[in-house]
Amino acid sequence: MKDRLLTPEFRVVVDHQRCTQCHRCITGCGWGTLSCNNGRIVADDFKCVACHYCVTHCPTGAIVVEEFPLAFKPHANWTVGLRKNAWRQAQSPGMLLTGMGNDQAYPIVFDHLVLDACQVTNPSIDPLREPMELRTYLGRKPNSLAFDSLGRLITPLEPQVKLETPIVFAAMSYGSISLNAQKALAMAAEECGILWNTGEGGLHKDLYPYGHCATVQCASGRFGVHSGYLNAAAVVEIKIGQGAKPGIGGHLPGEKVSVEVSETRMIPPGTDALSPAPHHDIYSIEDLRQLIYALKEATDYSKPVSVKIAAVHNVAAITAGMVYAGADIVYIDGFRGGTGAAPTIIRDHIGIPIELAIAAVDDRLRQEGIRSQASIIAAGSIRSSADVAKAIALGADAVAIGTGALLPLGCRVCQKCYTGNCSWGIATQRPELTRRLDPVLGAERVSNLIESWSLELKEILGALGLNAIESLRGSRERLRGVGLDNTTLEILGVKPAGR
Amino acid sequence: MKKVFPRILSGCGLIGIMRASGERVSGAEVIRAITNMHERSNGLGGGFAAYGIYPEHKEDYALHLMYSTPRSKDITDKLLEESFQIKGDGPIPTRPADGIVNAPILWRYFVRAKPEKLAETEVPEDEAVLRVVMDINFEIEDAFVISSGKNMGAFKAVGLAGDVGHFYRLEDYYGYTWIAHARFPTNTPGWWGGAHPFTLLDWAVVHNGEISSYGINRRYLEMFGYKCTLQTDTEVMAYLLDLLIRKHGLSVENAAMAMASPFWKDIDALPPEERHKMMAIRAVYGSAMVNGPFAIIFGHHRGMVGLNDRIKLRPMVAAQKDDALYIASEEAGIREVCSHPDRVWSPRAGEPVVGWLNEGVA
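Those sequence lines, one after another, are chains A and B.
Those letters in the first sequence? Residues 1 to 499, per my numbering, in order.
Those letters in the second sequence? Residues 1 to 362, per my numbering, in order.
Warning: the hint list may mix true and false statements.
[Unchecked claim] Some but not every residue of chain B turned toward chain A, in silico, with C-beta under 10 Å: (1) H57; (2) K58; (3) E120; (4) N217; (5) R218; (6) E222; (7) W264; (8) A269; (9) P271; (10) E273; (11) A280; (12) A283; (13) G286; (14) N291; (15) L313.
These are computed hints drawn from the structure, not numbers from a lab.
The structure presented is a predicted model; accordingly, all values stated were derived computationally and were not measured.
All C-beta atoms in this analysis are idealised placements derived from N, C-alpha and C, irrespective of residue type, glycine included.
Let the sequences and hints guide you as you build the complete structure.
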């Protein structure tokens, strides 16, 4: 310890007057921070990640976690974070890993957008008195409908998936999160009439009953993909990339590949699960088309096929290509999108903000006259119902939330998902940690959040004088920019406040 | 007088009167009806559309033009001569009326497309006329086409609706359908072209309301090639109707379902086939749903339709007397010209009132 370059980030302070020596904090901590020494609880501050598990579970309120009080010589260029990264890499060579979404101080466009409301010339609508509709259908739609002489619909409609509120859960695999965490999300999705997403970890046998509200992924590692898996789902999704690590594959270390994980992923226990950076059968847009149609064939054209990409510079052109290639849903993940594990340098420096990506994609699909042919799901990062409303006003059909959906399970955004030590039993496979996450209680909390956001969305719609979410979708006239430069406003298609 | 295109919000009074038999009546009747709803306007805009008024030119497109400079008329005349056979033209008769000032040059033309031009461009005559109309409206400074349908015309001005009718001597015209509009805008438009009705070939739309979904309705229309240059809600209404009914071939009822959709809770209670049809309409035409308060009346050569928004945030009453159909903002407007209707009703939210002329008429 003496020759460490690093200093602790946090300090755990135990009030020994209050402490009853119940040791709940010791068994609770996934990090091994706390131990008992001569009848007193002591902490190894180096291990603490401020996950608050001990604090929230201490029966006498005896524990406080504070920022480690250490001054660094201020430097606006050599930030403390950069210095710490260098010290970490000096201790042992390798890429620094991290979890969750980009935590750097880039401007957040959502926080510079404000919504409109009705005054006098048109009435606002009271959601407590009037119906307010959030229902959204995902899937490819024709540009027009035809009816026979008796008024019956003759245009066949491609598969549509119903969401009762325009929010879905982001892809989080069994492996990156625990089975109990996935169960909680699956149950919440069923309860709320929305979708959860398997990620690329396959569909655990216990979760087949929740297949009807699941998006199942087919990613570059093809883990867990078989006919039963595809046909159990509501939506099949080809994962090309993710906002936290565009262009980067995945690596689930062998020690995390338990028997259950191995069965679900269809790989031998204890072997590393490596997802290549690209799909090795997709080196161009026409290859993507083949996989889209292979999946449609495998599911008898009964479900929409989604393609998920990270928001990168050319996102608009790429997305248009995806729609032409047959994607029924395009899932765009912004540069703040989360992850279970990614190289810090990638997470923090690659990709573009989702707000700009939505605007660019929606514009391009309209210019091409193909906007109705695919639904847009926007993600990374949607933090509140206001972000949902703004994303939809910019042009998204629905949003996906990952971090937002884990917060109700206790997640503190400590960004250590990649270590597998999550005290809350979310991002871990350690049985003593995962079993503490009660999926029924978890599902209730996640559902509460979705219900709360939905109520807030209805209130926003009412203020806007709208009673259906589709009247906000792409209605950028109801947004104004505050403190955004002209070019950004032009890309967003939004006027500055006051105009 | 410049063409100005700001987005002006307004409240309004509307009335439409249609006689299914095709019987043509003087404009005096509709002037009385709209004048009765005086409280709904503030003198900053009024207008009329009438169908059946030019039987002697039944097959010609009647172009009503507004010029604010003689020069713009010269330029437009040249374009019209190039594009059309002109079967007749002359000033639109007017007389001095209270409160009607700064009148532009008002000219009327009866035209047919030149057959050789049609052959050359291979577009239908309607489309050819529409293109010229758009050219004039958006390319020629100080010239504006008020209406361009066959055997119909629009008359509008800045002023009270009754005075506008008097100014245009509408009592001298006889039509089977009359639509009128009295406006209460929040700002002074200053430009006559901004008054209602808004027309597109033989469609005329009068509208009371503010579209809260204007932004997406407009972007949706742009995807189909419409340019919403006037920035008025009424323009969006007219284009949506044109897209859904003329281009996509939807029935008036289905177009109404798209624009003022029933709620999901009601759709969910329908039998499966109906439910699927309504789900399809909402899922496919969600961006065409007009959200926010509106009541519209739109006329065309075969009839007249009234439609309210999906929760009826603006007033609309309908009445029937023999073969006459009345749709108005207020029952008082109807009673003024039809004291004992056979039936008076308040159409439900989103439920269109559809009037057709009898077969063979017009």
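The hints, checked one at a time:
{"no.": "1", "hint": "H57", "verdict": "violated, 34 Å"}
{"no.": "2", "hint": "K58", "verdict": "violated, 29 Å"}
{"no.": "3", "hint": "E120", "verdict": "violated, 27 Å"}
{"no.": "4", "hint": "N217", "verdict": "holds, 8 Å"}
{"no.": "5", "hint": "R218", "verdict": "holds, 8 Å"}
{"no.": "6", "hint": "E222", "verdict": "holds, 7 Å"}
{"no.": "7", "hint": "W264", "verdict": "holds, 5 Å"}
{"no.": "8", "hint": "A269", "verdict": "violated, 13 Å"}
{"no.": "9", "hint": "P271", "verdict": "violated, 12 Å"}
{"no.": "10", "hint": "E273", "verdict": "holds, 7 Å"}
{"no.": "11", "hint": "A280", "verdict": "holds, 5 Å"}
{"no.": "12", "hint": "A283", "verdict": "holds, 4 Å"}
{"no.": "13", "hint": "G286", "verdict": "holds, 3 Å"}
{"no.": "14", "hint": "N291", "verdict": "holds, 4 Å"}
{"no.": "15", "hint": "L313", "verdict": "holds, 6 Å"}
The earlier numbered hints that this structure contradicts are 1, 2, 3, 8, 9.
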